[in-house]
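For the record, the sequence lines run as chains B and X. Note that the working numbering numbers the first sequence so that position 162 is 162, with each residue one more than the last. Note that the working numbering numbers the second sequence so that position 44 is 44, with each residue one more than the last.
Bear in mind the hints are in silico, worked out from the structure with no lab data behind them. Hints are not guaranteed to be accurate.
[Claimed, not checked] Pulled a few chain B residues facing chain X out of the computed Cβ check, cut under 7 Å:
no.	residue
1	G169
2	R181
3	A196
4	G199
[Stated by the list, open to error] Ranges between beta-carbon positions, derived for each pair:
no.	chain 1	residue 1	chain 2	residue 2	range
5	X	S182	B	Q174	22 to 28 Å
6	X	H172	B	T171	53 to 59 Å
7	B	N193	X	P109	45 to 51 Å
8	B	D263	X	A155	42 to 48 Å
[Stated by the list, open to error] Some chain B residues flagged as far from chain X (calculated, every beta-carbon gap over 12 Å):
no.	residue
9	V18
10	V53
11	P178
12	Q210
13	D219
14	L244
15	H253
16	D263
The beta-carbon is built from N, C-alpha and C at its ideal position, and this holds for glycine as well.
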Amino acid sequence: MTYIQLSYGDLILPALLVVMDGVLSLVLRLKLEKQLAIATVRMVVQLVLVGYVLTFLFAAVSPIWTALAAFILVLFASREIVARQKRRLTGVWKYGLGATCTLLAAGTVTMFALLTELRPDPWYHPRYALPLLGMMLGNTMTGISLGLDVLTNSLVRERAAVEACLALGGTRHQAMLPIIRDALRSGFMPIMNSMAAIGLVSLPGMMTGQILAGVEPVDAVKYQLLIMFLIAGGTGLGTLAAVLGGARLLTDHRHRLRLDRIDAGKSG
Amino acid sequence: MLTVSRLKRLHISVSFDLQDGECVALQGPSGVGKTLLLRSIADLDPNEGAVKLDGTPRESMPAPTWRKRVTYLAAEPGWWSDIVQEHFTAWDDALPLVMRLGLPDDCGPWPVQRLSTGERQRLGLVRGLMLRSRVLLLDEPTSALDSASAAAVEALIAERVADGTSVIWSTHDDAQARRVGSRIFAMSPDGCIKESRQ
Chain B
1 MTYIQLSYGD LILPALLVVM DGVLSLVLRL KLEKQLAIAT VRMVVQLVLV
51 GYVLTFLFAA VSPIWTALAA FILVLFASRE IVARQKRRLT GVWKYGLGAT
101 CTLLAAGTVT MFALLTELRP DPWYHPRYAL PLLGMMLGNT MTGISLGLDV
151 LTNSLVRERA AVEACLALGG TRHQAMLPII RDALRSGFMP IMNSMAAIGL
201 VSLPGMMTGQ ILAGVEPVDA VKYQLLIMFL IAGGTGLGTL AAVLGGARLL
251 TDHRHRLRLD RIDAGKSG
Chain X
1 MLTVSRLKRL HISVSFDLQD GECVALQGPS GVGKTLLLRS IADLDPNEGA
51 VKLDGTPRES MPAPTWRKRV TYLAAEPGWW SDIVQEHFTA WDDALPLVMR
101 LGLPDDCGPW PVQRLSTGER QRLGLVRGLM LRSRVLLLDE PTSALDSASA
151 AAVEALIAER VADGTSVIWS THDDAQARRV GSRIFAMSPD GCIKESRQ
């Protein structure tokens with residue numbers, strides 16, 4: 001396996017492309033230059049930091065440090081889920097639901113892959129565990145946030161329909177079922193779309209990365225397939241847990257619809 | 001008999017009894033809390049107080065069972081499916097009532113979108129009446145109806161009352177309140193009800 005190593009100096013020329021974007025924004029008065037600058041600086045700092053953190057973690061191979069890093073990843077994922085919601089839950093569940101579901105889904109499939117197929121030594125080796133978990137989190141997060149967004153928005157919009165069913169003696173499960181189905185469908189959609197387009201329209205980043213690093217394309221494809229299966233499973237688990245959990249939180253034991261548990265103040 | 005004692009929800013605080021086969025008209029300005037009161041009796045919102053049907057507290061049964069006996073019908077009924085007849089467990093059994101309220105007998109497979117506001121209101125009523133509840137909580141059941149349809153609804157409910165169903169009928173129409181109610185509850189902005197017997 002051979003690959004072409006880059007020095008920081010090699011990045012100066014490509015970075016000029018971003019400067020070009022900035023100039024475009026100024027010339028065309030798009031007013032994006034400030035945002036662009038912030039995003040670029042963030043990206044550089046975040047990635048360089050992660051590079052050093054991973055270097056440290058790979059050298060340490062410590063279960064505690066790996067777990068801590070995984071925990072921080074989950075925290076950022078749940079923050080991102082909340083940021084993507086138009087309507088948010090009140091109280092501890094605002095972050096709690098997303099965090100629990102991403103952890104459950106991404107954690108389960110990551111462990112599954114580590115313990116059954118990849119079997120690194122030790123099983124928690126951060127070189128395998130963290131990139132895997134990161135990819136799972138990124139994708140389950142998308143399913144979870146979409147599913148929750150559709151759930152809360154549909155409940156507010158379809159309130160009369162849900163309450164009509166409840167008022168006529170329907171259980172909360174019966175009353176919420178059409179909306180739960182819609183929310184689950186939306187949550188599953190992105191992963192199905194990307195499975196359909198993969199290889200034809202898009203070459204996934206991990207696979208291209210492996211190919212650039214000198215791995216045989218067919219071997220890289222096998223890795224990518226493993227990842228895609230894991231993502232599909234994780235998204236299914238996570239979206240299901242989040243939508244069912246959300247539906248439960250937004251009703252109560254007397255089978256009432258509790259839209260008061262959606263944060264009314266902050267929307268947008 | 002429906003017994004409501006010290007029912008509290010937001011500013012509302014009421015107690016009253018409702019006999020079997022009795023219809024009470026609920027009146028009061030818009031926004032005074034008539035809908036809130038009816039919803040609370042059906043346990044659709046969190047509320048405090050004791051509500052009993054024949055001495056059995058509502059907490060002793062699952063909420064869906066309670067609502068099949070004490071049924072709230074909203075002024076603007078909600079529809080959870082696109083097709084009219086999918087809202088009925090037995091559409092054929094509902095047909096006589098549908099026709100009696102002047103709705104077309106072929107409206108079963110129609111999309112709900114095709115119905116006018118008044119047609120939806122009457123269909124919502126039929127849908128609720130199919131449960132044969134002990135207590136009906138009617139929230140302005142004729143607000144979108146012309147006088148002929150309203151009269152048909154009043155006659156239909158009167159039959160149910162004669163059969164022993166208890167009804168609370170919220171209305172803005174004073175004449176209707178006097179026609180349908182044996183008692184009138186006037187709700188005031190402080191959340192209390194004042195009773196007047198006819």
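Hints, verified against the model:
Given hint, G169(B) at the interface with chain X, holds; its Cβ is 4 Å from that chain's nearest Cβ, closer than 7 Å. For R181(B), the shortest C-beta to C-beta distance to chain X is roughly 12 Å, which exceeds 7 Å, and the interface hint is violated. Because the closest C-beta pair between A196(B) and chain X is about 28 Å apart, greater than 7 Å, the hint is violated. The interface hint given for G199(B) is violated, since its Cβ lies 38 Å from the closest Cβ of chain X, which is over the 7 Å cut-off.
Taking 22 to 28 Å as the suggested C-beta distance range, the pair S182(X) and Q174(B) does not conform, at roughly 36 Å. The hinted range of 53 to 59 Å is not satisfied by H172(X) and T171(B), whose Cβ atoms lie roughly 33 Å apart. In this structure, N193(B) and P109(X) break the distance hint of 45 to 51 Å, their C-beta atoms being roughly 34 Å apart. Distance hint for D263(B) and A155(X): a CB-CB separation of about 47 Å, consistent with the stated range 42 to 48 Å.
Remark: the non-interface label on V18(B) is consistent with the geometry, its nearest Cβ contact in chain X lying 49 Å away (cut-off 12 Å). For V53(B), the shortest C-beta to C-beta distance to chain X comes to about 47 Å, beyond the 12 Å cut-off, and the non-interface label holds. A beta-carbon of chain X is positioned within 12 Å of the beta-carbon of P178(B); the least distance is around 6 Å. With a least beta-carbon separation of about 48 Å from chain X, Q210(B) lies farther than 12 Å from that chain, consistent with its non-interface assignment.
The claim that D219(B) is not at the interface with chain X holds, since no C-beta of that chain comes within 12 Å of its own (minimum 50 Å). Against chain X, the non-interface label of L244(B) holds: every CB pair exceeds 12 Å, the least being about 19 Å. Its closest Cβ contact with chain X, about 8 Å, brings H253(B) to no more than 12 Å, contrary to its assignment away from the interface. With a cut of 12 Å on Cβ distances, D263(B) stays outside the contact zone with chain X, its closest approach being about 18 Å.
When the structure is compared with the earlier hints, violations turn up for hints 2, 3, 4, 5, 6, 7, 11, 15 and for no others.
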